[in-house]
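Going line by line, the protein sequences match chains D and L.
The working numbering puts the last residue of the first sequence at 147; the count rises by one with no breaks.
The working numbering puts the last residue of the second sequence at 177; the count rises by one with no breaks.
Hints listed in this document are in silico derivations from the structure and should not be mistaken for laboratory results.
Predicted, not measured: the structure shown is a model, and the values here were computed from it.
Note that CB positions come from ideal geometry on N, CA and C, so glycine has one too.
Warning: the hint list may mix true and false statements.
Derived contacts from chain L toward chain D, CB cut-off under 10 Å, selection only [said to hold, decoys possible]:
| id | residue |
| --- | --- |
| 1 | N8 |
| 2 | E18 |
| 3 | L22 |
| 4 | N34 |
| 5 | F35 |
| 6 | L97 |
| 7 | E164 |
In silico contact screen, one side only, chain L against chain D (beta carbon under 7 Å); selected entries [stated by the list, open to error]:
| id | residue |
| --- | --- |
| 8 | A26 |
| 9 | V29 |
| 10 | G30 |
| 11 | F42 |
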Amino acid sequence: MTIIGKVTYHTSRLVLAGVFIYAGVIKANDIQGFAGQVANYQLLPYAWNYLVAATLPYLELLCGILLLLNMRVRPALLVLFVLNLVFILVLFSASIRGFDIDCGCFKPDAEQPTEPLTALWRDLGLAVLMIVTWLLRRLQVPKEND
Amino acid sequence: MNSWVNNPAVRRIVLEAVILFVLASSVGLVLNFKLIFNAFSGQAFSDASVVDTMSKVLTQKTDLFPFPVALDELDGFISEGALLIDSRSEADYRLGHLPGALSLPIADLESGLANFKQQVPFERILITYCSGYGCPDSFDLGARLLKEGYQEVMVYEGGYPEWRDAGRPVEKSQQ
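Based on the sequences and whatever the hints tell you, model everything.
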């Protein structure tokens, strides 16, 4: 792989790692607040909001750490990509229902809430970054070695 | 498509992704076991330690605890005649509250309770709320109202923010 390819790969990997470690830590620090934001989407029964809020941050955190360490990159990317697709669907659903809520992407009690539509575009950008990282990883490392 | 499914490398990546999912979810479940247990048993109060301590002080009993209700359950209780009670400050109440809600700020409870008990019969269904998830005032108020003799007291934990963000009508009025 060319030097440009390597720089692009490591940059996108580290950007994704930073985003998801940050998101995971912030949310894990306030599970109840995050549960409230999940509840704002009105998609799940009451208690299930807590189940999602209690598990999702650790998933983001673990995958972010693996990306940071450059280990198990493709499995971590696959998990994050599926998560991101779910986020996109949920945000799209909130947008078409006209919900004026904070997306709940990062800090649960953010002073400047992010609207679902803004978060939707951001998640689409992250999805592109994940695909780029996946493809460059394939060029860099043989499949059998991840 | 079939070649993807049968590709050992792809299968290994998917398997490892599933393991990651299970591992991380397990960590979350273990670390937040009490919260999840409380949520599924209908006691998902916002800050267990604070509320538990405060309710013990207020009620001197731990079995008097208001039951949480969700947004989609509120309409049924309201149509049955439930009274909504706003436990936030009067200033917050004036800026916006649930339609028909009565203001009974937790901070002014001692002065407001006598008047409240004269106005509201003990058999009426009461639903307290405050500033949503992370706010213990509604639970403390609910516990106190149970102690005072009210029979059916519940807490709408999503509170004013969830109600407002769900696009429900809000009232801005003086009390």
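Tested hints:
Evaluation of the N8 (chain L) hint against chain D yields a violated restraint, the C-beta minimum of about 14 Å exceeding 10 Å. Proximity of E18 (chain L) to chain D holds as hinted, the smallest CB-CB distance being about 4 Å (cut-off 10 Å). At a threshold of 10 Å, the smallest CB-CB gap from L22 (chain L) to chain D is about 5 Å, leaving the interface hint in force. Nearest Cβ of chain D to the Cβ of N34 (chain L): about 4 Å, under the 10 Å cut. The hint holds.
The interface hint given for F35 (chain L) is met, as the beta carbon of that residue sits about 9 Å from the closest beta carbon of chain D, less than 10 Å. With 10 Å as the threshold, the beta carbon of L97 (chain L) stays out of range of chain D, its nearest partner Cβ sitting at about 17 Å, so the hint is violated. For E164 (chain L), the suggested interface contact is upheld, since its CB lies about 6 Å from the closest CB of chain D, less than 10 Å. For A26 (chain L), the suggested interface contact is upheld, since its CB lies about 4 Å from the closest CB of chain D, less than 7 Å.
For V29 (chain L), the shortest C-beta to C-beta distance to chain D is roughly 5 Å, which falls under 7 Å, so the interface hint holds. Interface hint at G30 (chain L): satisfied, since its Cβ lies 4 Å from the closest Cβ of chain D, which is below the 7 Å cut-off. Using the Cβ-Cβ criterion of 7 Å, the hint placing F42 (chain L) at the interface with chain D is satisfied: the shortest such distance is roughly 5 Å.
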